[in-house]
Amino acid sequence: MADVRGAILKARREAARVHRELGMRERVEKDGGRIDVFGTIVSCGIPLLFKPLEGLLGVFIDEPMPGVMVTTKRGLAIQRFTGAHELGHSRLGHRPSLDDEPTLARSPFATAPGYDQQELEANAFATEFMLPPWLFAAHFARQGWTGAIMTDPIAAYQLSLRTGASYEATCRSLMRPGVSVIDRSALDNLLKVQPKAIKKALLGEHEPPDWWRDVWLLTEKDEGAVIEGSRSDLFVLKLKEHSGSGYVWTFDELNEAGFAIVRDEREGPDGDTIGGHVTRSITTQSETRQQGRLTLAERRPWMADGPPLCAFRVQYDLRGPEDEGLSQAERRLLLEAA
Amino acid sequence: MADKDKKSGHSPDDEAADRERLGAGLRSAREYLGLSQEEVAKYLGIPRTALSLIESGQRRIDALELKKLAQFYKRPVASFTGESAGAESLPEDVAHLARAAAGLSESDRKELSRFAEYLRARKNSEGSSNG
Chain A
1 MADVRGAILK ARREAARVHR ELGMRERVEK DGGRIDVFGT IVSCGIPLLF KPLEGLLGVF
61 IDEPMPGVMV TTKRGLAIQR FTGAHELGHS RLGHRPSLDD EPTLARSPFA TAPGYDQQEL
121 EANAFATEFM LPPWLFAAHF ARQGWTGAIM TDPIAAYQLS LRTGASYEAT CRSLMRPGVS
181 VIDRSALDNL LKVQPKAIKK ALLGEHEPPD WWRDVWLLTE KDEGAVIEGS RSDLFVLKLK
241 EHSGSGYVWT FDELNEAGFA IVRDEREGPD GDTIGGHVTR SITTQSETRQ QGRLTLAERR
301 PWMADGPPLC AFRVQYDLRG PEDEGLSQAE RRLLLEAA
Chain B
1001 MADKDKKSGH SPDDEAADRE RLGAGLRSAR EYLGLSQEEV AKYLGIPRTA LSLIESGQRR
1061 IDALELKKLA QFYKRPVASF TGESAGAESL PEDVAHLARA AAGLSESDRK ELSRFAEYLR
1121 ARKNSEGSSN G
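Heads up: the protein sequence lines correspond to chains A and B, in order. Numbering-wise, this note's numbering puts 228 at position 228 of the first sequence, and it's gapless, one number per residue. Here this note's numbering = 1-based position in the second sequence + 1000.
Bound-form chain A, shown alone (with noise of 0.2 Å):
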């Protein structure tokens, strides 16, 4: 029988040996956003490439030298907990090992019997890596969210999105030893329901080619963040808007960042209230493979070039998943040396 027990000790250990050594909770704190996985394992001087694996998520191979290899036919939140996985065998000493689904969707805070225990860790690992508690209490911090609020699947589902991890993999995680922001019958509930469902109801009548794509809720609280996702992202921006003082959103630096539009429209407040506030909330969607910063700005049309009275500023990244080859964090260190 595997040694939960033991396995979580060594695997958060040695998690938090790594988020040490690379300075990654003061980074992540101060910018918000993910645990940068794959320039962890490009730091830790790792090659690390992406292939088309069919029957396998991952491989760790330790001769000649350690290796990673991460498939690109699934979503970035699955290459992520993959290559975290394969960090976890190479930062934990581990023989080589081929990972298949059924590997890597055991939850290893569930006694499991014939579970290898080397897999084990490695799984422990992988969500101690990327969803450390204090990773929770930044966004937590930021959204002004409570345990409460997370047996709410909009929330976790909104929650998985910031860390980079599967819905699922976030849920559970809410749940686990040293976490325990939720209880079981919330984790069972929250597990019931499917993101598609999630989806649907963030997006209303818009109804978008496929259900694969994630979207992000975004609001004054997200103001200054990192978003990092995949190029299909749908991103429902809800904003306060003070239209009973003349002041409106203008989304024309969205069309020239390459966003598209797809839903305008305001909600409440009921009758005409004299210098009060609706909220605007608009869909849009990369139309492009990107990354960069956007500003918008609430403004008096008849003032356009004065001060806005309201900004939102967002750095975003929607390069994900990665493609075949060389993560984008190595090519990027390449070609910056160049």
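Think of the hints as simulated: they come from the structure by calculation, not from any bench. Where is the CB? At the ideal position from N, CA and C, for every residue including glycine. Incorrect hints may appear among the rest.
[What the hints assert, rightly or not] Restricting the straight-line Cα-Cα distance to at most 20 Å, the calculated cross-link-like pairs of lysine to aspartate or glutamate (DMTMM-like) are:
1) B:K1110 <-> A:D36
2) B:K1123 <-> A:E63
3) B:K1074 <-> A:E324
[Said to hold, decoys possible] A few chain B residues that don't get close to chain A, going by computed Cβ distances all over 12 Å:
4) S1011
5) P1012
6) D1013
7) E1015
8) G1034
9) S1036
10) T1049
11) L1053
12) L1066
13) K1068
14) T1081
15) V1094
16) A1098
17) D1108
[Said to hold, decoys possible] Estimated spans, in silico, between C-beta atoms of each pair:
18) B:I1046 <-> A:K200: 48 to 58 Å
19) A:G258 <-> B:K1110: 29 to 39 Å
20) B:A1102 <-> A:T72: 41 to 51 Å
21) A:R319 <-> B:T1049: 45 to 55 Å
With chain A's structure known, arrange chain B on it following the hints.
Relative to the frame of chain A, chain B by itself:
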């Protein structure tokens, strides 16, 4: 001229064939890493069309460019011409795993061999640049 080539045992045809083989090796190394001709040409400081000619064996590559490419692709120069090849085999314990994984597809098996070969070349390249 022809006599001289004969004496050295290296005809213009041989040279063209060598250049083609080297070009193909360079192309294959670049494609394996998913790098575009634009990215690599920029790194070398040559036009993309020049890299395209090198990869098709129509332009000579000078020793310095070849060394830079070997560093960039993290492979020893010999690996581009196939001189250090013959090693599509897997490390013993990985081979054992591959045999044990009954459902492993042929394509995944090939990716594994290719990756093992890449790690060997990379290890050799790091060994030679350190020593």
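Comparing the hints with the structure gives:
Of the pairs offered as hints, the one joining K1110 (chain B) and D36 (chain A) is violated, with about 29 Å between alpha carbons and a cut-off of 20 Å exceeded. With a CA separation close to 9 Å, the supplied pair K1123 (chain B) and E63 (chain A) stays within the 20 Å bound. For the hint pairing K1074 (chain B) with E324 (chain A), the CA-to-CA distance comes to about 17 Å; that is within 20 Å, so the pair holds. For S1011 (chain B), the requirement that its beta carbon stay farther than 12 Å from each beta carbon of chain A is met, with the minimum near 37 Å.
P1012 (chain B), annotated as away from the interface, keeps every beta carbon of chain A farther than 12 Å; the closest lies near 34 Å. No beta-carbon of chain A comes within 12 Å of the beta-carbon of D1013 (chain B); the shortest separation is about 34 Å. For E1015 (chain B), the shortest C-beta to C-beta distance to chain A comes to about 30 Å, beyond the 12 Å cut-off, and the non-interface label holds. Listed as outside the interface, G1034 (chain B) is inconsistent with that label: its C-beta sits roughly 2 Å from the nearest C-beta of chain A, within the 12 Å cut-off.
Taking the minimum C-beta to C-beta distance to chain A, about 10 Å, the non-interface status of S1036 (chain B) is violated against the 12 Å cut. For T1049 (chain B), the condition that its CB be more than 12 Å from all CB atoms of chain A holds, with the nearest at approximately 19 Å. Consistency note on L1053 (chain B): stated as away from chain A, and its beta-carbon is indeed over 12 Å from all of that chain's, at 20 Å minimum. Residue-level check passed: L1066 (chain B) sits 16 Å from the nearest beta carbon of chain A, beyond 12 Å.
Taking the minimum C-beta to C-beta distance to chain A, about 9 Å, the non-interface status of K1068 (chain B) is violated against the 12 Å cut. At the 12 Å boundary, the C-beta of T1081 (chain B) stays outside the reach of chain A, the nearest C-beta of that chain being 21 Å off. Remark: the non-interface label on V1094 (chain B) conflicts with the geometry, its nearest Cβ contact in chain A lying 5 Å away (cut-off 12 Å). With a minimum CB-CB distance of about 7 Å to chain A, A1098 (chain B) fails to clear the 12 Å threshold, and the non-interface call is violated.
Not every CB of chain A is more than 12 Å from the CB of D1108 (chain B) (nearest about 5 Å), against its label as outside the interface. Distance hint check: the CB atoms of I1046 (chain B) and K200 (chain A) are about 51 Å apart, consistent with the given range 48 to 58 Å. Hint check: G258 (chain A) to K1110 (chain B), Cβ distance near 37 Å, so the stated range 29 to 39 Å holds. Look at A1102 (chain B) against T72 (chain A): about 23 Å separates their beta carbons, and that is not inside 41 to 51 Å.
About 27 Å separates the C-beta atoms of R319 (chain A) and T1049 (chain B), a value inconsistent with the hinted range of 45 to 55 Å.
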